[in-house]
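Student: These are the residues of each chain, in order.
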Amino acid sequence: MAQSDPRQDRTSGKAIVAEHLCKVFNVTKGMVRRTRSQVVAVKDVSFEVDYGELFGVVGPNGAGKTTTIKMLTTMLLPTSGNASVLGYDCAKDVTKVRERIDIVLGGERGLYTRVSAVDNLNYFADLYGVPRNIRDKRVKDLLDFMGLSERAHNRVETYSKGMKQRLLLARGLINDPDIIFLDEPTVGLDPEIALETRRMVKELVAKGKTILLTTHYMFEADELCKRVAVIRNGEIVALDTPSGLKKYVMDTSVVEIEGYGITEKEVAKFKEVPDVVSVSADLGEQKQVIKLQTPKGSEIIAEVQQILKNSRIYDIKIKEPTLEDAYLRLVES
Amino acid sequence: MPRALTVVYSAFRMAMLHWMADPQWIIPNIIAPFVFTTVALTLFKESTGPFGLYAVLGGGMMGMWGNTIYSSGYAIEFEKWQGTLEEVIAAPSNLMHVITGRAISNAFFGLTNMIAILIIAVVGFRVPLGISDPLMFAVSLLLTLLSVSALGLIFASAFVLSRSAQVLTNGLETPLYIVSGSMFPIALLPFWIHPAAYVLGPTWGVDAIRLATSTDYVSQSFWAGMSPNVAIFLDLTVMVLITLIYVAIAAVLFKLVEKRARITGTMVEA
Amino acid sequence: MNNLKIFLSSAVFSFRAQFDWLNPTMWFTMKFVLTLSQMAFFVFVGLFANADIRFIAIGNALQSISWNTIFSVINITGRDKWDGTLSLVLATPANRLPLFIGRAMIHVLDGILSAVISFVFAAFIFGVNFGQTNILALALTVALTAFTMAGFGLLIGGFCFFFRNPMVFANIFTFALLIFCGVNFPVQSLPVAVQPVSYIFPLTYGLTAARNAITGADLVAIAPTLAQQITVGLAAMLIGYMLFRLFENNARKTGKIEAI
Chain A
325 MAQSDPRQDR TSGKAIVAEH LCKVFNVTKG MVRRTRSQVV AVKDVSFEVD
375 YGELFGVVGP NGAGKTTTIK MLTTMLLPTS GNASVLGYDC AKDVTKVRER
425 IDIVLGGERG LYTRVSAVDN LNYFADLYGV PRNIRDKRVK DLLDFMGLSE
475 RAHNRVETYS KGMKQRLLLA RGLINDPDII FLDEPTVGLD PEIALETRRM
525 VKELVAKGKT ILLTTHYMFE ADELCKRVAV IRNGEIVALD TPSGLKKYVM
575 DTSVVEIEGY GITEKEVAKF KEVPDVVSVS ADLGEQKQVI KLQTPKGSEI
625 IAEVQQILKN SRIYDIKIKE PTLEDAYLRL VES
Chain B
208 MPRALTVVYS AFRMAMLHWM ADPQWIIPNI IAPFVFTTVA LTLFKESTGP
258 FGLYAVLGGG MMGMWGNTIY SSGYAIEFEK WQGTLEEVIA APSNLMHVIT
308 GRAISNAFFG LTNMIAILII AVVGFRVPLG ISDPLMFAVS LLLTLLSVSA
358 LGLIFASAFV LSRSAQVLTN GLETPLYIVS GSMFPIALLP FWIHPAAYVL
408 GPTWGVDAIR LATSTDYVSQ SFWAGMSPNV AIFLDLTVMV LITLIYVAIA
458 AVLFKLVEKR ARITGTMVEA
Chain C
30 MNNLKIFLSS AVFSFRAQFD WLNPTMWFTM KFVLTLSQMA FFVFVGLFAN
80 ADIRFIAIGN ALQSISWNTI FSVINITGRD KWDGTLSLVL ATPANRLPLF
130 IGRAMIHVLD GILSAVISFV FAAFIFGVNF GQTNILALAL TVALTAFTMA
180 GFGLLIGGFC FFFRNPMVFA NIFTFALLIF CGVNFPVQSL PVAVQPVSYI
230 FPLTYGLTAA RNAITGADLV AIAPTLAQQI TVGLAAMLIG YMLFRLFENN
280 ARKTGKIEAI
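Taken in sequence, the protein lines are chains A, B and C.
Take any residue in the first sequence, note its place counting from 1, add 324, and you have its number in my numbering.
Take any residue in the second sequence, note its place counting from 1, add 207, and you have its number in my numbering.
Take any residue in the third sequence, note its place counting from 1, add 29, and you have its number in my numbering.
Please note: incorrect hints may appear among the correct ones.
[As the list claims (entries may be wrong)] What follows is a list of derived Cβ distance ranges for each label pair:
id: 1; chain 1: B; residue 1: Asp-423; chain 2: C; residue 2: Ile-135; range: 49 to 55 Å
id: 2; chain 1: B; residue 1: Pro-402; chain 2: C; residue 2: Glu-277; range: 54 to 60 Å
id: 3; chain 1: B; residue 1: Val-346; chain 2: C; residue 2: Val-221; range: 29 to 35 Å
id: 4; chain 1: A; residue 1: His-477; chain 2: B; residue 2: Val-459; range: 50 to 56 Å
[Unchecked claim] Calculated from the model, a selection of chain B residues having no Cβ within reach of chain C, i.e. all distances over 12 Å:
id: 5; residue: Thr-245
id: 6; residue: Lys-252
id: 7; residue: Val-346
id: 8; residue: Asn-436
id: 9; residue: Ala-458
id: 10; residue: Arg-467
Honestly, the hints are just simulated from the structure, not real lab data.
Computed from a prediction, not measured in an experiment: that's the story for all the values here.
For every residue, glycine included, the Cβ atom is placed at its ideal position computed from N, Cα and C.
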């Protein structure tokens, strides 16, 4: 890793630069009569990430988060636009970028389950060109750091979910990357393991790593990230610090209604009420929860009761808007 | 950029670990070679001549072919099934080097057929053994293995680029056994098939291996009239040249594979 | 890991059967390539070994039936389990025996076609003289061999209900025929201790009858051999069917049908 490379000037340079990134896929369907269509996964995404920053990218499924990450990590070529990482062009300086970054994709994958943790880490260390003398020590240190030393020589398939997660993170650090890309790192994890993962992410930032994280858990982005970009339909609809984003909804309160017997019909009626800025509904079998964003606050309660006169209302709460509310507003408007 | 040899060795080692974890997976790939060789041994039983040579060595060759056709072709898809393909691609190492390690391991494990046949040949058919030039035998075997691996690289990339390649390769197995001169001399084949045989690197390797095993074989080899050592040298030279061409083709195909992956985001043609 | 196993076995083997599902041109081409190249391989080995080429060519011609019968039938029977459609199938009130046998029939016809193509190869490419052949006797032998081999496939398929992996069995059995049934050399060439195994395969009888028919034997002469073949084939089919019912009853009791 070049120490005196001016492109990696950490005082004024940017760790990650995305300029009008766009990715269009050509999709062919059908076996007999083939129809071609185009899917625009990412329309126009631009942002910059500073060195040492923990940057979040949030958005619903299919918004283009993973595609964006793949463009930034050289795995996909942008259809148009530029991606550069540590001063290197992601499209052209592929090897240089790959040597200096690492990526952890979520889900139950990314490891060879029939071999041990040590073998997994040694293997990837070799693929990343980590010199032998450094490799052995680093593997040992990583396993210690992740609390896996005792089971290091057992097959990964015998590991618990939490251990696999930690090993995945260890693998993501095997080349001591300057930037780590985490794609939905806590999805599908038990709360304790997710908590541990978040703690480790914070530790890594404290050590000087730059991290780009995608998630659809707002509280996670709120807790971890210095800045958050909200992506919807392949475009960034907002980019700010978490508190900055919350200002989108500062003018409104969130009225949360818990009840029973609430259907889509009532939800639709809420949407028509003037001064209701957004409605989100969770219509479970036993219980339904409606969240309204409105500047009216408690003044809306009369209308709520009117609309819900045929349903049972258990509880009505009036809350400060959270990042999740800001996100919902941005994404659903 | 990680050193090529390190990556190749590491991939070879990982393949070895996987094989040790599930050794039974090789059986399907070498059943055909095993059965074909056993039949050949039985047919040879009634005749005199260096048939043991053909059967055992031919069995080894066919084992290498069988395992290479079926395993190397799926080398990249194997990563997909493991869920590690994206991580492997994201690494700075050249994907072709990674698959090379795997292709070599596949050819190597295919040699287990030779061991199985050897046991049957010695125990069941009392085939006499003996290698006249162990050093050249080892060298020829190693180079032939590398030649088969290089073809495996071509399969690996072709399989990813085209579904048809997979189907076509399936039908290639027995024709390859015929044309590689594993179980009988090429001379027996109609003359118009000979070019197909000579274009295959391993065919020359098998000739060299036989020369190294038994000096009597020279008269049947491609270089009848020359001394065994010269004949071996010529065989190996031709094979190495052909193998270098295979590697060049594979390099081009792998570049296509990577390009396609970066543009379409998929690794296997739908 | 189980998913990986299924995947690996399916991918490595399924192409031998799968090409019939791919498209007709592929299927037809593969038919020609596979049967011709296998016959060619053994004929050349035979040439080298100074063996009887005619014997080998005829043997491989009839053996070509096994790809369609044993191999495909085992896969079809096994495939239901893998595809998860088995419980749907068992839920129908359809009479079990026709259902079971019906599956195999298309493969019988396919097998006969393979054999015909292979005999043509044997005649025109490998110079086997069919001049004295009793056509009726040979035709009947081919048809019965296809039918009884399908029955044998049902037997193996029936076993496969209880095992994880039909593909491995399909491969092992189809190839084992090359050694045991007198395809490339007479059964007598095998070690004496092993010879009895040959007689559980209907193909063994079929080959004896076919070779006799080609040298001019008539229906009466080959009738005893064919009778033995039919007996073996029917027995195999019956056992296969019983295994199918056994499995079905077991599944009802334990609630376990689908794979793993």
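Student: Each hint needs a verdict: does it hold in this structure or not?
Tutor: Hint by hint, here is what the structure shows:
Between Asp-423 (chain B) and Ile-135 (chain C) the Cβ separation comes to about 53 Å, which falls inside the hinted range of 49 to 55 Å. In this structure, Pro-402 (chain B) and Glu-277 (chain C) meet the distance hint of 54 to 60 Å, their C-beta atoms being roughly 56 Å apart. A hinted range of 29 to 35 Å for the beta carbons of Val-346 (chain B) and Val-221 (chain C) is inconsistent with their spacing of about 43 Å. Here the CB-CB span from His-477 (chain A) to Val-459 (chain B) is close to 41 Å, at odds with the stated 50 to 56 Å.
Separation of Thr-245 (chain B) from chain C is inadequate, the least Cβ-Cβ distance of about 6 Å not exceeding the 12 Å criterion. The non-interface label for Lys-252 (chain B) is inconsistent with chain C: the shortest C-beta to C-beta separation is roughly 7 Å, within 12 Å. Val-346 (chain B), annotated as away from the interface, keeps every beta carbon of chain C farther than 12 Å; the closest lies near 27 Å. Listed as outside the interface, Asn-436 (chain B) is consistent with that label: its C-beta sits roughly 26 Å from the nearest C-beta of chain C, beyond the 12 Å cut-off.
No Cβ of chain C comes within 12 Å of the Cβ of Ala-458 (chain B); the nearest lies about 26 Å off, and the non-interface call holds. With a least beta-carbon separation of about 20 Å from chain C, Arg-467 (chain B) lies farther than 12 Å from that chain, consistent with its non-interface assignment.
Consistency note: the structure conflicts with the earlier hints numbered 3, 4, 5 and 6.
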